[in-house]
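In the order they appear, the protein sequences are chains A and B.
Numbering follows the UniProt record's numbering, in which position 127 of the first sequence is assigned residue number 127; successive positions increment by one, without gaps.
Numbering follows the UniProt record's numbering, in which position 298 of the second sequence is assigned residue number 298; successive positions increment by one, without gaps.
Hint data in this document are derived by calculation from the structure and do not stem from the laboratory.
Heads up, some of the hints might be wrong.
Copies of the same chain look alike in the list, so a pair counts if it works inside one copy or between any two.
The list that follows gives simulated cross-link-like pairs (lysine to any residue, SDA-like), each with its CA atoms no further than 20 Å apart [unchecked claim]:
(1) Lys173 <-> Ser68
(2) Lys229 <-> Glu247
(3) Lys44 <-> Ser84
(4) Lys52 <-> Leu169
(5) Lys173 <-> Pro36
(6) Lys185 <-> Phe266
(7) Lys229 <-> Phe248
(8) Lys52 <-> Ala157
(9) Lys173 <-> Leu290
(10) Lys52 <-> Leu307
(11) Lys21 <-> Met47
(12) Lys44 <-> Asp192
(13) Lys44 <-> Lys304
(14) Lys173 <-> Asp37
(15) Lys74 <-> Leu290
(16) Lys173 <-> Ile227
(17) Lys99 <-> Thr297
Quick caveat: nothing in here was measured; it's all calculated off a predicted structure.
2 protein chains.
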Amino acid sequence: MEKSKVLIVGGTGYIGRRIVKASLAQGHPTYVLMRPDIGLAVDKIQMILSFKAAGARVVEASLDDHRSLVDAVKQVDVVVSAMSGYQLSRQLKVVDAIKEAGNIKRFLPSEYGIDPARMEHALAPGRITFDEKMKIRRAIEEANIPHTYVSAGCFAAYFAPNLSQLGTLLPPKEKVQVYGDGNVKVAFMDEDDVGTYAIKTIDDPRTLNKTVYLRPSENILTQMELIAKWEKLSGKFLEKIHIPNDEFLASMEGAELFHQEAVGHFHHIFYEGCLTNFDIGDGAEEASLLYPEVQYTRMDEYMKPYL
Amino acid sequence: MEKSKVLIVGGTGYIGRRIVKASLAQGHPTYVLMRPDIGLAVDKIQMILSFKAAGARVVEASLDDHRSLVDAVKQVDVVVSAMSGYQLSRQLKVVDAIKEAGNIKRFLPSEYGIDPARMEHALAPGRITFDEKMKIRRAIEEANIPHTYVSAGCFAAYFAPNLSQLGTLLPPKEKVQVYGDGNVKVAFMDEDDVGTYAIKTIDDPRTLNKTVYLRPSENILTQMELIAKWEKLSGKFLEKIHIPNDEFLASMEGAELFHQEAVGHFHHIFYEGCLTNFDIGDGAEEASLLYPEVQYTRMDEYMKPYL
Numbered sequence: 001m002e003k004s005k006v007l008i009v010g011g012t013g014y015i016g017r018r019i020v021k022a023s024l025a026q027g028h029p030t031y032v033l034m035r036p037d038i039g040l041a042v043d044k045i046q047m048i049l050s051f052k053a054a055g056a057r058v059v060e061a062s063l064d065d066h067r068s069l070v071d072a073v074k075q076v077d078v079v080v081s082a083m084s085g086y087q088l089s090r091q092l093k094v095v096d097a098i099k100e101a102g103n104i105k106r107f108l109p110s111e112y113g114i115d116p117a118r119m120e121h122a123l124a125p126g127r128i129t130f131d132e133k134m135k136i137r138r139a140i141e142e143a144n145i146p147h148t149y150v151s152a153g154c155f156a157a158y159f160a161p162n163l164s165q166l167g168t169l170l171p172p173k174e175k176v177q178v179y180g181d182g183n184v185k186v187a188f189m190d191e192d193d194v195g196t197y198a199i200k201t202i203d204d205p206r207t208l209n210k211t212v213y214l215r216p217s218e219n220i221l222t223q224m225e226l227i228a229k230w231e232k233l234s235g236k237f238l239e240k241i242h243i244p245n246d247e248f249l250a251s252m253e254g255a256e257l258f259h260q261e262a263v264g265h266f267h268h269i270f271y272e273g274c275l276t277n278f279d280i281g282d283g284a285e286e287a288s289l290l291y292p293e294v295q296y297t298r299m300d301e302y303m304k305p306y307l
Numbered sequence: 001m002e003k004s005k006v007l008i009v010g011g012t013g014y015i016g017r018r019i020v021k022a023s024l025a026q027g028h029p030t031y032v033l034m035r036p037d038i039g040l041a042v043d044k045i046q047m048i049l050s051f052k053a054a055g056a057r058v059v060e061a062s063l064d065d066h067r068s069l070v071d072a073v074k075q076v077d078v079v080v081s082a083m084s085g086y087q088l089s090r091q092l093k094v095v096d097a098i099k100e101a102g103n104i105k106r107f108l109p110s111e112y113g114i115d116p117a118r119m120e121h122a123l124a125p126g127r128i129t130f131d132e133k134m135k136i137r138r139a140i141e142e143a144n145i146p147h148t149y150v151s152a153g154c155f156a157a158y159f160a161p162n163l164s165q166l167g168t169l170l171p172p173k174e175k176v177q178v179y180g181d182g183n184v185k186v187a188f189m190d191e192d193d194v195g196t197y198a199i200k201t202i203d204d205p206r207t208l209n210k211t212v213y214l215r216p217s218e219n220i221l222t223q224m225e226l227i228a229k230w231e232k233l234s235g236k237f238l239e240k241i242h243i244p245n246d247e248f249l250a251s252m253e254g255a256e257l258f259h260q261e262a263v264g265h266f267h268h269i270f271y272e273g274c275l276t277n278f279d280i281g282d283g284a285e286e287a288s289l290l291y292p293e294v295q296y297t298r299m300d301e302y303m304k305p306y307l
C-alpha cells in the first residue's frame, strides 16, 4: 500500500517534532506547516530547516487565513496536529479547513495525554485541557471527519527521571515524595515512541474512528516500582516521604495556576490511577498490541543517561 | 600540546551550545555547567544529556553558591561563558570564582557581538549590552584574569536569510527595506563558526589578553550585496525601499523596549558600520587570518536552505 501523505500542524513542538521524525522514518511524504506565528523563534525555524534537509516539505499557512489552510490540507491525505496545550482550541480552524477540503482520510487532533473522555469529573483548573480536547473531538465527529485519538501515558522526561516529583525534571538525591502508598499503576512513555505509535495508526484500518491507548505492558509501573528502578541504577537508597491525598490536594491552595493544574493532573494520575483504572475494551485499541514490532523504550533505559 | 580542559557556562544557549560542540569537536575535555535555574526547561535538559552522550562532563553549580562555582572552576583550565543577554552582569559571580580558584589560564566572557569598547557613543536603551559587557571586562582586568574577547559579526540566522529585516527571520518575498544606500560593510557569521573560532583561541598564545574579531573577508558584505546574493539564489528580484537614517531612528519612538534596542543596534551596524569602520591594528587579531584552516560558511551557502 502506498504510504499516505501527512501534514503535521505544530511540528516544532515537544511532541510534534517527534511526530515529524517518525513520519519521515516510516517513509511518509511529510509536510510540515509553518505559520507566521513563528516570528523570531530561531530554534523553531532552524528545526524546520532540519526537517527540510531530512526530506520534509514546508507548507506556509496561517490559522487566521482559512483559504491558506484549506490549500495546505488539500495537498495531503492525513493531518496530524500536535498543537501545544494553550493552543488546543485553535484547532477548530484546522477542523474547519479539513471539513471544507473534504479529502482527508484521517485526522489526529492534539491529544497524547490522559483520555479526556474519561475525565468528566476532573478537577479545575487543570480540567480545561480535557474540556478543550473534548470540544475538538465533538467538532471532528459532527463534521464526520475520519479520526484517531492517541491517548498516551506520562511523557517520560516530565515523570520518570525525576521520579514524578513536581517542580524539577532531575532525579532527587536524598528524599522522594511518594503519592499515597505509591502503588497505583501509571503508564510512562518515551516521547519518541509517542511519535512512532501515532504515525503507525494513520494508515491502519483497525484504528479508524477509535481511541488508541499507549499502554505497553513493561511501562506500566507504580511510582514505587519506578523509584526502585532508579535506586537499582544509581545504587543509592532514597528516603520516601508518603503524602496523603488530602494533604497533596491542599497544596493547590494559593498556588500559581500552573502549579494548581499540575497538582490536579498528578492527583488523577497517581491517586486515582486515571491512566490504567479501566479496561481498554472493544471500541478502542492498545498500541503495543497493534504494533508489536515497535521496540519501545523501557524506563530504566530512559533513566540511564541521568546517572 | 595537551588540550586544555574547558568549562562552558551558558552551554545550552544559542551560542553556548555551539561552543560546547566546537570544544568537543576540537578534542578538549569539555565540562558543561548545569545550574539549578534549568528548572523545567526540558529542551535544555535534553540538550545537556546529548552533550553528555557526546562525551561532555556535566558539572552542577549555582551562581548563588560561590563555593560550588569555585569547585567547578578548579576542575578545568579554561572557562568560556556564553550567558545570554539578560544575564550578562551575573557573570561577575563567575569572575569572582575564577579569581578565587586562581588556576584559570584563559577566560572568555560572553561577548560574540559588536565590540563594546568601541561603543561609548551607543544609543540607549540598546547600549545596556555594551555597558554590561564593559563592566565584566573591567572586573576581569582588575583581577588580572588571562582573557580573550571574541567579537563576532551579525549572527547569520538573525541577519542573513531575512536580508536584515526587523521582525522576521524569513526571506522577504516582494519588498526589502534597505538601510540608507545599503552600501555600508557588515560582517555576517554562521553561528557554528563563532563556536569554532572561539574555541580555537583558548590555547593560542597569540590571543592572550586580546580582542579577536571575526571578520572573514568573504563574509564582509553590504546589505545590497547580501540582497543580490539572495536574488541570485532565488531568481527573484526584490523591490528595494531605502530608509533614510533619521526616518529609521524615528521608528524607535513609542515602540516596545525590545524594538528600541534592535533599532539602535541596526543603526550602529547598518548606517555607522560599527562592525567594520576601524582597522584591527596591533593590539587585536582577526580570526580567519589566525586560523586559515577553518572553512567558514559563506552567506549564499547559509541562505540556500531557506529557498
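The hints, checked one at a time:
no., hint, result
1, Lys173 <-> Ser68, "between (51 Å within a copy, 16 Å between copies)"
2, Lys229 <-> Glu247, "neither (26 Å within a copy, 64 Å between copies)"
3, Lys44 <-> Ser84, "both (14 Å within a copy, 18 Å between copies)"
4, Lys52 <-> Leu169, "between (31 Å within a copy, 16 Å between copies)"
5, Lys173 <-> Pro36, "between (43 Å within a copy, 14 Å between copies)"
6, Lys185 <-> Phe266, "within (13 Å within a copy, 57 Å between copies)"
7, Lys229 <-> Phe248, "neither (24 Å within a copy, 61 Å between copies)"
8, Lys52 <-> Ala157, "between (26 Å within a copy, 16 Å between copies)"
9, Lys173 <-> Leu290, "neither (38 Å within a copy, 46 Å between copies)"
10, Lys52 <-> Leu307, "between (34 Å within a copy, 11 Å between copies)"
11, Lys21 <-> Met47, "both (11 Å within a copy, 17 Å between copies)"
12, Lys44 <-> Asp192, "both (18 Å within a copy, 17 Å between copies)"
13, Lys44 <-> Lys304, "between (28 Å within a copy, 17 Å between copies)"
14, Lys173 <-> Asp37, "between (40 Å within a copy, 17 Å between copies)"
15, Lys74 <-> Leu290, "neither (29 Å within a copy, 54 Å between copies)"
16, Lys173 <-> Ile227, "within (12 Å within a copy, 55 Å between copies)"
17, Lys99 <-> Thr297, "neither (37 Å within a copy, 46 Å between copies)"
Taken one by one, the earlier hints fail for this structure at numbers 2, 7, 9, 15 and 17, listed in ascending order.
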